[in-house]
Amino acid sequence: NAGVTQTPKFRILKIGQSMTLQCTQDMNHNYMYWYRQDPGMGLKLIYYSVGAGITDKGEVPNGYNVSRSTTEDFPLRLELAAPSQTSVYFCASSYSSGFEAFFGQGTRLTVV
Amino acid sequence: QKEVEQNSGPLSVPEGAIASLNCTYSDRVSQSFFWYRQYSGKSPELIMSIYSNGDKEDGRFTAQLNKASQYVSLLIRDSQPSDSATYLCAVNSFNAGNNRKLIWGLGTSLAVNP
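These protein sequence lines map, in sequence, to chains A and B. If you're matching positions, the first sequence starts at 25 in our numbering and goes up one per residue. If you're matching positions, the second sequence starts at 39 in our numbering and goes up one per residue.
It should be emphasised that the hints constitute simulated quantities derived from the structure, not laboratory data. Note that this is a predicted model, so its numbers are computed, not measured. We put the CB at the ideal spot given by N, CA and C, even for glycine. One thing to keep in mind: the hints can contain errors.
In silico lysine to aspartate or glutamate, EDC-like type, Cα no more than 16 Å apart, as pairs [stated by the list, open to error]:
| # | chain 1 | residue 1 | chain 2 | residue 2 |
| --- | --- | --- | --- | --- |
| 1 | B | LYS80 | A | ASP62 |
| 2 | B | LYS105 | B | ASP93 |
| 3 | A | LYS68 | B | ASP116 |
| 4 | B | LYS139 | A | ASP62 |
| 5 | A | LYS68 | B | ASP93 |
| 6 | B | LYS80 | A | GLU83 |
| 7 | B | LYS40 | A | ASP62 |
| 8 | B | LYS139 | A | GLU124 |
Which stretches of chain A does chain B cover? Using the computed rule of at least three CB atoms under 8 Å from a CB of chain B, they are [stated by the list, open to error]:
| # | region |
| --- | --- |
| 9 | 89–101 |
| 10 | 104–110 |
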C-alpha cells in the first residue's frame, strides 16, 4: 500500500526557473493538500482540492499553481522560482475535510 | 483566527519516564483532534486520533481530551530514545465558509535521554 507518493525528494532550482512537484495517492481520497514547512514555522497550507476539477487557495498560495484532473494526482507548479520558496513541501490526502491527513515523504526544494 | 497552541519545548525526559505533551485550541466547536509525530527530516505521521472527551489508549500512547477546557494532551509512557521527535497537534475547525479544515500547532520537540 503506497499511500501518498511525492516526487522528487530533493531539487535545487535557480531563481526564475519553473518546476512541478508531483503527488499521487492510491487511497481514493477526495481531499488533497499541499503544505510547506519552514523551520520553526509549522505547516502552512498552500492549496487544497476537494475532488477532481476543484481546487482552492490556502494560506500562502502566491507563486504556486495546482490542478486536479484525476482523484489520484495533485501536482503543484512553481512558476518563476524565488529564494522565498526554499522550503520542504508536503502533499497530503484525507477522506474528507477535517479528517486525519496522510502525508507523502516530502520534497526538499532549494532555490538559489 | 482559529488557533492551536503548543509549547515549543524542547521537552526533555529520561528514558522510561512519562512524557506529557499539551495542546490548546480556540474553536469551541472542534470535533476531531489528532497527534502526529515528525522525526527530523521526515514527514508527519499520524499516531493518535480522539473525538470524544476522556482518554484513548493505544500501546504506550494515551490521548486525553477535555472539550470544556479546550485542551488535548498526549502521554507517552515508558519513553524511549526512539520517541525523540516533534509532536504536532492538529484540530479540525470550521472556517468562514463553514467548511472543516485542519488547524496545526507548531509542534513540541521531545528529547528522550538514555
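For each hint given before, does the structure comply? Return the numbers of the non-compliant ones in rising order. Result: hints 3, 4, 5, 6, 7, 9 and 10 break, sorted rising.
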